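Bring the two chains, given one by one in their own frames, into a single complex with the hints.
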Amino acid sequence: MKNTLLLPRGFRIAGLVLLVPFLVLFFACINGNFTFAFLNTPINPAHAGDFLGGNHNLTDELAVVGCIASLYMIAFSRVRTEDEYVSFLRLRSLQIGVIANYTIFVVLTLLVYNGGYLDVLFFNIPTTLVLFIIVFYFNLHIRPLLTKTTTA
Amino acid sequence: MKNQIKVERARHNMTQADLAAAISVSRQTINTIEAGKFVPSTVLALKIARVFGTSVHEIFELEDGD
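Protein sequence lines, in the order shown, are assigned to chains A and B.
1 is the number of the first residue of the first sequence in my numbering; add one for each residue after it.
1 is the number of the first residue of the second sequence in my numbering; add one for each residue after it.
Everything labelled a hint here was simulated from the structure, so no lab data went into it.
If you're wondering where the values come from, they're calculated on a predicted model, not measured in any experiment.
You may find that some hints are simply not true.
Claimed, not checked - Okay, the calculated beta carbon distance ranges per label pair:
hint : chain 1 : residue 1 : chain 2 : residue 2 : range
1    : B       : Asp18     : A       : Phe138    : 26 to 36 Å
2    : A       : Val65     : B       : Thr15     : 39 to 49 Å
3    : A       : Asn33     : B       : Ala22     : 50 to 60 Å
4    : B       : Ala22     : A       : Phe138    : 26 to 36 Å
5    : B       : Gly53     : A       : Pro8      : 30 to 40 Å
The C-beta atom is built at its ideal place from N, Cα and C for all residues, glycine as well.
Extracted from the complex, chain B is given alone in its bound form (with noise of 0.2 Å):
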């Protein structure tokens, strides 16, 4: 699963550790889901959604093995 973290995270100025502050993980949690190391629950996908705004189709996608 392709994800678009970095990208929104470099849109709304926030590091790492901003986001797992936000959503209330660790920020090696989000330094693995970024990397593709790590899917998340739903649950974690809705709250990074939420942080940015958007959706968690515009932030998760789909790639062609999953």
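The shape of chain A in the complex, shown without the other chains (with noise of 0.2 Å):
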């Protein structure tokens, strides 16, 4: 079965390898403040309100995007055998992480209150790739293992 919108194989090894240093990156920049200096950006003074004030820094948006986009690689690229019981696992897997997503979301909507909030809406953006990404290979890979089968 063709699935034109999947990366070469590759890529889920160049977005594991990426995934490392972007996450190392993204928790220095939110716990320790740690910023590149060759990142520093003059913003236009027309944006520089009560967000951004007068100088901004790129190295959390670069983590961010580096995040996400191997975060995409790892759950979006082909797997060995591409057939269409990998097509059926990609969809419940998918149906998974979503529904598990909004249920975790409505639970802390629920539950947390003021600057937390923000937090909850921040982390909740890579939650459904995370989801889908452990649902796949939880079923693609483990699960097979654990359920003993007859191959002859």
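Structural data, given as structure tokens:
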């Protein structure tokens, strides 16, 4: 079955390799206020209002875009044999990922208030992809190992 | 939906891997079809029937709930 929306197979490894440094950069940004000096950029004075201040650094943007791109590469690259069962698994895993994501989101909406809710909104952005990756690769690689079946 | 893939494989002395290679799918796909966890498309069902030299009706059979 042809699925033209998928990336070539090598992107999965590239995504895994890229995800680690971008995750480290992301947590360094939000926890330690780490920035790369060369990513300092002047901003248009018209937009230099309450949000951005006078100077702006693009390190956190780089980290977020890098994490999302890496997760996308892991999630939507071809597997060795891309057949209709894999397409079925992709669809089901995406459905489970979306349902789980919104369940978590609704629960946190009811439980978290004030400034903390901004964190909920922020961390909710990549969780659909993360949940999809977990469910898809669990069903594809780990579940067959857990259910012993005869092959002959 | 019931299927006779395991019986036909035994009759043709084929492993799941052999059948998977013959119709260009993964062995896991054959495994899930045999176990009734995954219902194949018409194209795949026809390919399986062609490998065994029989008709789709001989391999796949509807159950009462279907």
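* **Contradicted hints - numbers only** => none
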